[in-house]
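Here the protein sequences come in this chain order: A and B.
Just so you know, we're using the working numbering here: the first sequence kicks off at 7 and counts up by one.
Just so you know, we're using the working numbering here: the second sequence kicks off at 7 and counts up by one.
Calculated directly from the structure, the hints in this document are not laboratory data.
Heads up, some of the hints might be wrong.
Because identical chains share one entry, a pair is satisfied inside a single copy or across any pair of copies.
[Unchecked claim] Cut-off 16 Å, straight-line C-alpha distance, at most; resulting in silico cross-link-like pairs (EDC-like, lysine to aspartate or glutamate):
hint, residue 1, residue 2
1, Lys-223, Glu-190
2, Lys-223, Glu-186
3, Lys-339, Glu-366
4, Lys-327, Glu-362
5, Lys-282, Glu-362
6, Lys-339, Asp-351
Just so it is clear, the structure is predicted and the values come from calculations on it, not from any experiment.
2 protein chains.
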Amino acid sequence: MDAHATPYETTVRDIGTYEDKMVTLKGWLYNKRSSGKIMFLILRDGTGIVQCVVSKGEVGEGLFSRLDKLSQESSLIVQGLVRKDPRAPGGYELAVTECEIVSEAFDDYPISLKEHGAEFLLDHRHLWIRTPRQRNVLLIRSEIIKACRDFLHNEGFVNVDAPIMTPAACEGTTTLFPVEYFGEQAYLSQSGQLYNEAAIMSLGKVYCFGPTFRAEKSKTRRHLTEFWMVEPEAAFMGFEEMLRLEERMVCYIVEHILNNCEHLLREIGRDVERLKEITPPFPRLTYTEAVDLLRRKGMDISWGDDFGAPHEAAIASEYTKPVFVAHFPTQIKAFYMQPDPDNPDTVLGADLLAPEGYGEIIGGGERIHDYTLLLERIKQHNLPMEDYEWYLDLRRYGSVPHSGFGMGIERVVAWICGLEHVRETIPFPRMINRLRP
Amino acid sequence: MDAHATPYETTVRDIGTYEDKMVTLKGWLYNKRSSGKIMFLILRDGTGIVQCVVSKGEVGEGLFSRLDKLSQESSLIVQGLVRKDPRAPGGYELAVTECEIVSEAFDDYPISLKEHGAEFLLDHRHLWIRTPRQRNVLLIRSEIIKACRDFLHNEGFVNVDAPIMTPAACEGTTTLFPVEYFGEQAYLSQSGQLYNEAAIMSLGKVYCFGPTFRAEKSKTRRHLTEFWMVEPEAAFMGFEEMLRLEERMVCYIVEHILNNCEHLLREIGRDVERLKEITPPFPRLTYTEAVDLLRRKGMDISWGDDFGAPHEAAIASEYTKPVFVAHFPTQIKAFYMQPDPDNPDTVLGADLLAPEGYGEIIGGGERIHDYTLLLERIKQHNLPMEDYEWYLDLRRYGSVPHSGFGMGIERVVAWICGLEHVRETIPFPRMINRLRP
Numbered sequence: 007m008d009a010h011a012t013p014y015e016t017t018v019r020d021i022g023t024y025e026d027k028m029v030t031l032k033g034w035l036y037n038k039r040s041s042g043k044i045m046f047l048i049l050r051d052g053t054g055i056v057q058c059v060v061s062k063g064e065v066g067e068g069l070f071s072r073l074d075k076l077s078q079e080s081s082l083i084v085q086g087l088v089r090k091d092p093r094a095p096g097g098y099e100l101a102v103t104e105c106e107i108v109s110e111a112f113d114d115y116p117i118s119l120k121e122h123g124a125e126f127l128l129d130h131r132h133l134w135i136r137t138p139r140q141r142n143v144l145l146i147r148s149e150i151i152k153a154c155r156d157f158l159h160n161e162g163f164v165n166v167d168a169p170i171m172t173p174a175a176c177e178g179t180t181t182l183f184p185v186e187y188f189g190e191q192a193y194l195s196q197s198g199q200l201y202n203e204a205a206i207m208s209l210g211k212v213y214c215f216g217p218t219f220r221a222e223k224s225k226t227r228r229h230l231t232e233f234w235m236v237e238p239e240a241a242f243m244g245f246e247e248m249l250r251l252e253e254r255m256v257c258y259i260v261e262h263i264l265n266n267c268e269h270l271l272r273e274i275g276r277d278v279e280r281l282k283e284i285t286p287p288f289p290r291l292t293y294t295e296a297v298d299l300l301r302r303k304g305m306d307i308s309w310g311d312d313f314g315a316p317h318e319a320a321i322a323s324e325y326t327k328p329v330f331v332a333h334f335p336t337q338i339k340a341f342y343m344q345p346d347p348d349n350p351d352t353v354l355g356a357d358l359l360a361p362e363g364y365g366e367i368i369g370g371g372e373r374i375h376d377y378t379l380l381l382e383r384i385k386q387h388n389l390p391m392e393d394y395e396w397y398l399d400l401r402r403y404g405s406v407p408h409s410g411f412g413m414g415i416e417r418v419v420a421w422i423c424g425l426e427h428v429r430e431t432i433p434f435p436r437m438i439n440r441l442r443p
Numbered sequence: 007m008d009a010h011a012t013p014y015e016t017t018v019r020d021i022g023t024y025e026d027k028m029v030t031l032k033g034w035l036y037n038k039r040s041s042g043k044i045m046f047l048i049l050r051d052g053t054g055i056v057q058c059v060v061s062k063g064e065v066g067e068g069l070f071s072r073l074d075k076l077s078q079e080s081s082l083i084v085q086g087l088v089r090k091d092p093r094a095p096g097g098y099e100l101a102v103t104e105c106e107i108v109s110e111a112f113d114d115y116p117i118s119l120k121e122h123g124a125e126f127l128l129d130h131r132h133l134w135i136r137t138p139r140q141r142n143v144l145l146i147r148s149e150i151i152k153a154c155r156d157f158l159h160n161e162g163f164v165n166v167d168a169p170i171m172t173p174a175a176c177e178g179t180t181t182l183f184p185v186e187y188f189g190e191q192a193y194l195s196q197s198g199q200l201y202n203e204a205a206i207m208s209l210g211k212v213y214c215f216g217p218t219f220r221a222e223k224s225k226t227r228r229h230l231t232e233f234w235m236v237e238p239e240a241a242f243m244g245f246e247e248m249l250r251l252e253e254r255m256v257c258y259i260v261e262h263i264l265n266n267c268e269h270l271l272r273e274i275g276r277d278v279e280r281l282k283e284i285t286p287p288f289p290r291l292t293y294t295e296a297v298d299l300l301r302r303k304g305m306d307i308s309w310g311d312d313f314g315a316p317h318e319a320a321i322a323s324e325y326t327k328p329v330f331v332a333h334f335p336t337q338i339k340a341f342y343m344q345p346d347p348d349n350p351d352t353v354l355g356a357d358l359l360a361p362e363g364y365g366e367i368i369g370g371g372e373r374i375h376d377y378t379l380l381l382e383r384i385k386q387h388n389l390p391m392e393d394y395e396w397y398l399d400l401r402r403y404g405s406v407p408h409s410g411f412g413m414g415i416e417r418v419v420a421w422i423c424g425l426e427h428v429r430e431t432i433p434f435p436r437m438i439n440r441l442r443p
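Here chain A stands alone, though its shape is the one from the complex (with noise of 0.2 Å):
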């Protein structure tokens, strides 16, 4: 023990406000660098990393000689003096003066700082979180959730949770997860959108936000099996009105990560500057001009064929702004879409692509509200309809138009974070092949 004055408990976030005084950081060695008689023990907490000065004159030899010897991810509490560090990444750095080993790591760490292999980093990934990237990545997720939570709050929409659980499929039967439900089939929800419609019936404006599920049995860069989306749904919203909403939410949701996250992307690499340019409004085209779009790029796709990745990748890189392409062929999509009045083989629905190959991010569309419509478009899609009396029950008691969308958490994050797999952007994730850890 030194003379020193009690320390201040706090974390690398908030040292600044410590300057020349003595603090208390806990957390955990990331990386160590020796030099005979001084060590620099590099610190994570959590909030951030900072650098540790620990001179064996200060701690004595003893202590000195059993950190120079500690593995990597050991956790520590360590004590000393904030020093402003021009050269710091955070500007300051801890000079050491007391350092207690709350727990000495198996020196066998599996995530060493040197490049693993995706399987394996997956394999581990209760761990690979505590990588600065991976850290960077979910903290900017946590951030876009809030972002998405607050907007939504300021306009007026209520969090209305739909079930997981459900009887019936929304958006087709092939991928769906059976849940055996007390000797009854049920199914995990692919999404909560015809529950968020009854809820508008009672509360104008809701929005579901929750884990969804497709047993999609394609590996590819942009699928999980288990994914979160965020789905606002309104009374009396009309078409053109939910596309302004989804150009406003995605703007507020770029414009609060560069407010709060500059920083964490610029660390893990992003070009910020592309993510200045989101502002609204956003391009639009009709699907049938995204078509000739297509084929005057020289590829092979006709009126009525649906977009893969390729295609909306060709779209998106045709300008630095998210691109809504809307009036979808109605053989295409969903049996819920309201007909363009204009052109009834086409419906008031669209797609948004986010910028730089990153795909659709969300889907919407205005809803078929006529109960005679939508009790032939369930017949014509063969849909069980005793699973869908509730539904058309909206329909014959005060039906109202209106318009939803769901937006992919996962697609979001991977697009602001600049991420070439989803899978780094959600916690745990569920692929056809990994359900572990």
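Based on these hints, arrange chain B on the given structure of chain A.
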């Protein structure tokens, strides 16, 4: 059309800002009364309920007569003059000049203003949520969720979503929902805690907030098979510090609801004075003291027995605030609970019981951080070692003392709203005999 200026588009909530001005409201017919030449349409629009006064002289014979026959829940766009009226519930009424009938409801709307049985209402949950009482509860639920998230964000907790499909069980295997995961058996998550424990080693303080699942075969008024839980966890947080965090969080939520939803609570008949008593500190009992108390009250319970709903109610009835019951016997609590150093037969775990008979709303505690002890407990509980290797890794590599808790949202909504049954606390409840709508 009349000669009034273009009306303002607004909502019932905001009409007070348009006194003596023309506005447009969009909503549904909740009720109506008529007396010859004057008709009162009670309109609800999701943000509130307002009385619209229609006079035959103003709207003409034809529209008056159509409106007079209009069925409950028909959707309307109403134009009129906002008039101050101290007798009106919100202080204003609308003198109608025009009215467009958007969609006339079929005249067999199942939920009339009379009483219905619980099963009937649950079968029509998609319509039942339109009634003012259910709407208020859903609004309060939404604000409770917002308060949880705001509180945790302000305290520096990062939102980390735990996976829903998991290979192993956290809370025992008798109440798991199995999911077929590409030929492998997966289970729906009962808690995100174990994943939170991995995430705190990256981010320091985290919380997950998502649906959790228990295949509860018992029909009680406190159990759902699908419910939402918020689970904060923090590195280096001791047991005492965790109890204070719980206390602050519960008080923050109650205060937020009193500040933002007092009128909604009053409308559903909640005695808000009881909620105003919810201030720190909360009383605390040890498990042993609680057993003594119950025996003094004549209940048949021995040291080592777990509490049921009647025990919780009997303990809570002694207090007007939530009460902590701490230091449970090791044998009745989960394998990961840290032993109390002063009495190793008990654990550093506590439940928080809500007053007025609402029972447990929070369970939490300090987790075992010692590798050897945790390994021993996993073996004692016959847990499949291969599923817990990653969890043991958290003790191999930089283990730290840590604590966390889980708060059930539906229980909190039931308590704050004063509801008899949790089925009214969630938009679409799931129970043993209920998977629809």
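Within, between, both or neither: Lys-339, Asp-351 at alpha-carbon 16 Å: within (11 Å within a copy, 61 Å between copies)
Homo-oligomer pair classification [Glu-366, Lys-339; C-alpha up to 16 Å]: Within one copy only: 15 Å inside, 46 Å across.
Same-copy or cross-copy closeness of Lys-327 to Glu-362 [CA-CA at most 16 Å]: So Lys-327 and Glu-362 pass the 16 Å test inside one copy only (9 Å; across, 55 Å).
Within, between, both or neither, where Lys-282 and Glu-362 count as close if Cα-Cα is 16 Å or less: within (14 Å within a copy, 53 Å between copies)
Lys-223 and Glu-186: within-copy, between-copy, both or neither at 16 Å Cα: Result: close only across copies, 13 Å inter versus 21 Å intra.
Status of Glu-190 relative to Lys-223 across identical chains (alpha carbons, at most 16 Å): between (24 Å within a copy, 14 Å between copies)
No hint from the list above goes unmet by this structure.
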